[in-house]
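Those protein sequence lines, which keep their order, are chains A and B.
Its first residue numbered 139, the first sequence is counted upward by one per residue in this note's numbering.
Its first residue numbered 139, the second sequence is counted upward by one per residue in this note's numbering.
Do not take every clue at face value.
Unchecked claim - Calculated pairs, DSS-like style, for lysine-lysine (alpha carbon to alpha carbon, straight line, at most 25 Å):
id, chain 1, residue 1, chain 2, residue 2
1, A, Lys245, B, Lys245
2, B, Lys245, A, Lys180
3, A, Lys462, B, Lys245
4, A, Lys245, B, Lys291
5, B, Lys584, B, Lys608
6, B, Lys225, A, Lys180
7, B, Lys268, A, Lys180
8, B, Lys291, B, Lys180
9, B, Lys584, A, Lys245
10, A, Lys202, A, Lys368
11, A, Lys202, B, Lys225
12, A, Lys162, B, Lys268
13, B, Lys162, A, Lys268
Just so you know, the hints here were simulated from the structure itself, not pulled from any lab data.
Bear in mind that the values here come from a model prediction, so they are computed numbers and not experimental data.
Number of protein chains: 2
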Amino acid sequence: MEREVNKNERFVTQITPKSEDFSKWYVEIIRRAELADYAPIKGMMVIRPYGYAIWENIQYLLDKRIKDTGHSNAYFPLFIPESFLEKETEHLEGFAPEVAWVTQGGKEELEERLAVRPTSEAIIGNMYAKWIKSWRDLPVLINQWANIVRWEKVTRPFLRTTEFLWQEGHTVHETLEEAEKETLMILSLYKEFVESELAIPVVSGSKTERERFAGASETYAIEALMSDGKALQMGTSHNLGQHFSKVFNIRFEDKNQNLQYAWQTSWGVSTRLVGALIMSHGDDSGLKLPPQVAPVQIVIVPISIGDWKKNVLPKARDIETQLKQEGLRVEMDDREEFTPGWKFSEWEMKGVPLRIEIGPRDIKENKVLVVRRDTREKESIGLDVLSQKAPEILKNIQRSMFKEGLKFQLENTRKVQSYEDLKSILESKKGFIKAYWCGHTTCEEKIKEETMATIRVVPLEQDKQKAQGKCVCCGKDSDAMVYFAKAY
Amino acid sequence: MEREVNKNERFVTQITPKSEDFSKWYVEIIRRAELADYAPIKGMMVIRPYGYAIWENIQYLLDKRIKDTGHSNAYFPLFIPESFLEKETEHLEGFAPEVAWVTQGGKEELEERLAVRPTSEAIIGNMYAKWIKSWRDLPVLINQWANIVRWEKVTRPFLRTTEFLWQEGHTVHETLEEAEKETLMILSLYKEFVESELAIPVVSGSKTERERFAGASETYAIEALMSDGKALQMGTSHNLGQHFSKVFNIRFEDKNQNLQYAWQTSWGVSTRLVGALIMSHGDDSGLKLPPQVAPVQIVIVPISIGDWKKNVLPKARDIETQLKQEGLRVEMDDREEFTPGWKFSEWEMKGVPLRIEIGPRDIKENKVLVVRRDTREKESIGLDVLSQKAPEILKNIQRSMFKEGLKFQLENTRKVQSYEDLKSILESKKGFIKAYWCGHTTCEEKIKEETMATIRVVPLEQDKQKAQGKCVCCGKDSDAMVYFAKAY
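Could you put together the complete structure from these sequences and hints?
Structure representation (structure tokens):
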């Protein structure tokens with residue numbers, strides 16, 4: 139892996155403490171852990187090998203879930219003719235300000251501008267109209283892994299970039315009920331995926347009309363609290379109703395030989411999830427990766443004392459081989475030009491969940507020192523049980539990182555009755571605020587204007603007993619408790 | 139999977155015989171096997187789930203090899219500023235006629251046009267210059283899976299499309315020797331991959347100066363004969379020398395503290411490989427897929443006689459479960475609206491290597507009928523040994539498809555001494571022609587002009603004993619036997 143730091147400088151000295159400047163801390167981790175770099179094009183980034191390896195693990199684990207629920211992958215064109223976007227006014231208005239336009243191909247000026255896909259509903263809808271004729275062709279359950287371009291004004295690596303990578307599912311169904319079922323199934327698949335693999339607890343629910351995807355009849359989302367108390371949208375699942383099927387003429391003959399417009403959904407998560415990992419788990423020493431998505435789960439650092447290459451390294455290599463046989467992702471750091479201390483800092487910066495230290499004395503005593511990245515707990519483990527214990531410790535780390543996250547989320551979720559409390563908490567403490575809301579956009583917008591907070595989700599399961607109160611803004615009766623937060 | 143054929147029509151009746159019109163046969167297979175469809179943008183295609191699943195298998199098998207040889211994946215921007223391409227005249231001239239240009243972002247006119255990447259040497263070179271400082275940072279071994287856009291005039295699905303998917307490796311080394319070693323290692327990796335996984339025999343060697351990649355000091359390629367006798371370039375590996383490192387200023391401090399320009403390589407294969415699978419193995423009944431990359435390796439068709447759902451289906455499902463436990467990709471075709479005959483044709487069209495038929499009589503006799511797609515051989519196999527025998531048969535199919543291919547290649551490779559023979563064979567028989575060539579572009583161009591054939595490769599290992607003859611064109615002394623062919 140290439141490095142751009144001065145080798146003589148101590149590794150972590152330059153990182154800004156998280157508490158001092160969260161944004162600066164965030165981009166410094168990205169640079170120092172070599173997750174990504176700024177590209178020489180406005181708002182674009184390069185995902186470096188270490189960052190991309192995290193994305194590959196995310197892809198692998200999510201793709202399996204997408205396929206296990208009956209979906210297949212496909213690939214649709216990068217370019218969408220302008221006229222396709224124009225067919226759907228709402229959708230166009232939502233995306234037009236963000237579209238990058240191709241106007242020339244080779245030497246020729248194009249007759250019609252081509253949008254570099256900001257999302258693929260239009261181009262996919264056009265193909266579905268061709269493919270779908272009868273109820274027998276349904277459901278269509280297709281997903282695509284692709285790059286997306288949105289001409290963003292303000293960008294930040296992984297969170298909002300001109301180009302990003304994502305998966306977008308696009309499904310077609312016979313009935314509204316089926317489409318709704320799919321939308322909610324994906325919502326809970328996303329929740330389970332993010333919580334169990336990324337160790338990030340989320341709240342889920344529907345978006346308000348104001349926050350809905352351009353063209354959807356219902357948008358659901360999962361949202362997580364980052365460690366600075368701001369919310370981040372982690373994934374969305376849209377019930378598109380018949381909106382696009384009417385625009386693109388996706389019709390099928392039903393079982394009674396009647397032509398019907400089909401019902402659709404779309405859903406996606408993106409490389410933003412890598413940003414969420416940094417902001418949820420990281421600390422002043424750098425990244426902290428959940429073992430499930432860590433490119434390196436265990437790093438072995440031989441202690442370089444005396445003739446370590448002869449006395450320590452062979453044993454360290456044995457351990458490496460053993461652990462790899464357990465299916466673990468292991469890295470051996472046998473570089474000569476760095477001290478063990480330097481290596482410890484570097485691998486902490488990279489968020490490797492578990493470090494194994496082995497020196498001459500350990501070898502004599504037939505044990506190693508094992509250090510957890512999340513809690514920094516140290517434990518001496520006998521060599522005879524190491525390959526059995528290491529996977530267990532990784533599982534514990536995964537579990538305890540999620541628990542930590544959940545504790546943080548609960549501590550930073552506050553129920554509020556009055557508008558005054560809402561405002562004062564948002565000024566001082568951030569986090570989620572649970573409050574009643576009457577359901578009107580006017581109240582939602584007033585709150586946003588005065589506090590910068592938005593309604594992140596309306597939870598699907600409201601406590602029917604308790605969910606009757608007064609709107610925190612206008613005081614009218616309400617039966618919906620919602621989550622407010624300042625958000626990325 | 140969605141279908142667009144009329145369900146009452148017999149499945150295969152519409153396909154044009156391969157011998158009658160190869161091009162028509164090719165695109166009909168793509169449509170009928172639902173590999174891809176034309177997109178509503180000039181020269182672009184949609185890769186449908188079945189076609190994409192083949193690509194996913196290719197990706198999986200090749201990615202493993204790329205990683206096992208020490209490379210990591212990363213992701214670089216889709217857009218390349220025009221000034222970057224202009225830095226390298228040769229490269230720009232090679233690609234400028236094929237570039238799609240982004241000139242507008244949102245509402246604003248861009249100050250500088252952005253190329254949608256036609257290949258990534260320029261943007262990656264720019265980043266490498268930033269990352270590489272010292273010999274300690276080398277080698278850099280990075281690969282990228284990405285979409286590529288080239289504004290092609292004449293397109294054909296999978297073979298040449300305005301957008302395609304590929305992997306592109308970009309490596310940096312301390313010395314020319316190391317770069318050359320990498321270039322050749324990848325060439326042989328590609329050859330081994332294509333021959334063992336796609337069951338397509340290839341010839342490999344260097345390209346002539348005329349056919350070289352724009353900016354490379356040496357280009358190597360693997361080439362295969364399609365079943366119409368035309369050659370297809372299957373993958374290329376370029377030694378870039380210091381060409382791009384001088385343009386993009388990629389320098390490193392060597393072990394003696396001298397600044398040196400780095401040595402680079404780049405290499406790639408693309409979705410064109412799916413086209414190669416069709417054209418190498420397909421026949422008048424459709425696709426014929428090698429088991430290693432077939433999305434479905436075995437299809438089970440229960441014979442629908444009498445009360446088959448009660449008498450046959452449960453046993454068929456048992457078999458499905460057993461075979462899946464062996465790690466095989468198995469599909470059960472229990473659709474009610476189609477006859478077994480229809481299903482047979484459909485799965486033959488889709489190239490599934492092995493079909494298992496099971497009817498009431500088979501169940502009584504505790505056996506099934508197994509039919510190979512490649513040879514159409516039928517074999518009765520006892521249920522007790524099926525899950526042991528099926529993987530063996532698949533391995534045999536893989537081997538025998540490669541052997542068939544090799545036989546075809548050898549039968550269609552002809553040694554030629556005179557220019558007259560070269561011309562007459564190219565007119566009547568196609569295939570590879572091995573002939574001596576003096577090494578001069580004038581002869582190469584004369585042959586191309588008069589026969590449409592080009593030099594596909596100059597084999598690396600020339601038979602030193604025999605490799606002394608006269609140039610087939612000018613008659614001058616030559617020590618290089620080369621492969622000529624008409625090519626896609």
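Okay, the hints, checked on the actual structure:
1. A C-alpha spacing of about 23 Å is found between A/Lys245 and B/Lys245, which places the hinted pair at or below 25 Å, so the restraint holds.
2. With a CA separation close to 15 Å, the supplied pair B/Lys245 and A/Lys180 stays within the 25 Å bound.
3. Pair hint A/Lys462 plus B/Lys245 does not hold up; C-alpha atoms about 53 Å apart against a cutoff of 25 Å.
4. The straight-line distance between the Cα atoms of A/Lys245 and B/Lys291 is roughly 12 Å, inside the 25 Å bound, and the hint therefore holds.
5. Using a Cα cut-off of 25 Å, the hinted pair B/Lys584 and B/Lys608 holds, with the two alpha carbons roughly 16 Å apart.
6. This hinted pair checks out: B/Lys225 and A/Lys180 have alpha carbons roughly 19 Å apart, not beyond 25 Å.
7. Between B/Lys268 and A/Lys180 the CA atoms are separated by roughly 17 Å; this keeps the pair inside 25 Å, and the hint holds.
8. Annotation: proposed proximity of B/Lys291 to B/Lys180 holds, straight-line Cα distance about 9 Å (limit 25 Å).
9. Between B/Lys584 and A/Lys245 the CA atoms are separated by roughly 29 Å; this puts the pair beyond 25 Å, and the hint is violated.
10. About 30 Å separates the Cα atoms of A/Lys202 and A/Lys368, which puts this hinted pair outside 25 Å; it is violated.
11. Taking the CA atoms of A/Lys202 and B/Lys225, the gap is about 43 Å. The hint is violated against a cut of 25 Å.
12. Distance check on the hinted pair: A/Lys162 and B/Lys268 sit about 21 Å apart at the alpha-carbon level, within 25 Å; holds.
13. For the suggested pair B/Lys162 and A/Lys268, the alpha carbons sit about 21 Å apart, so the restraint of at most 25 Å is met.
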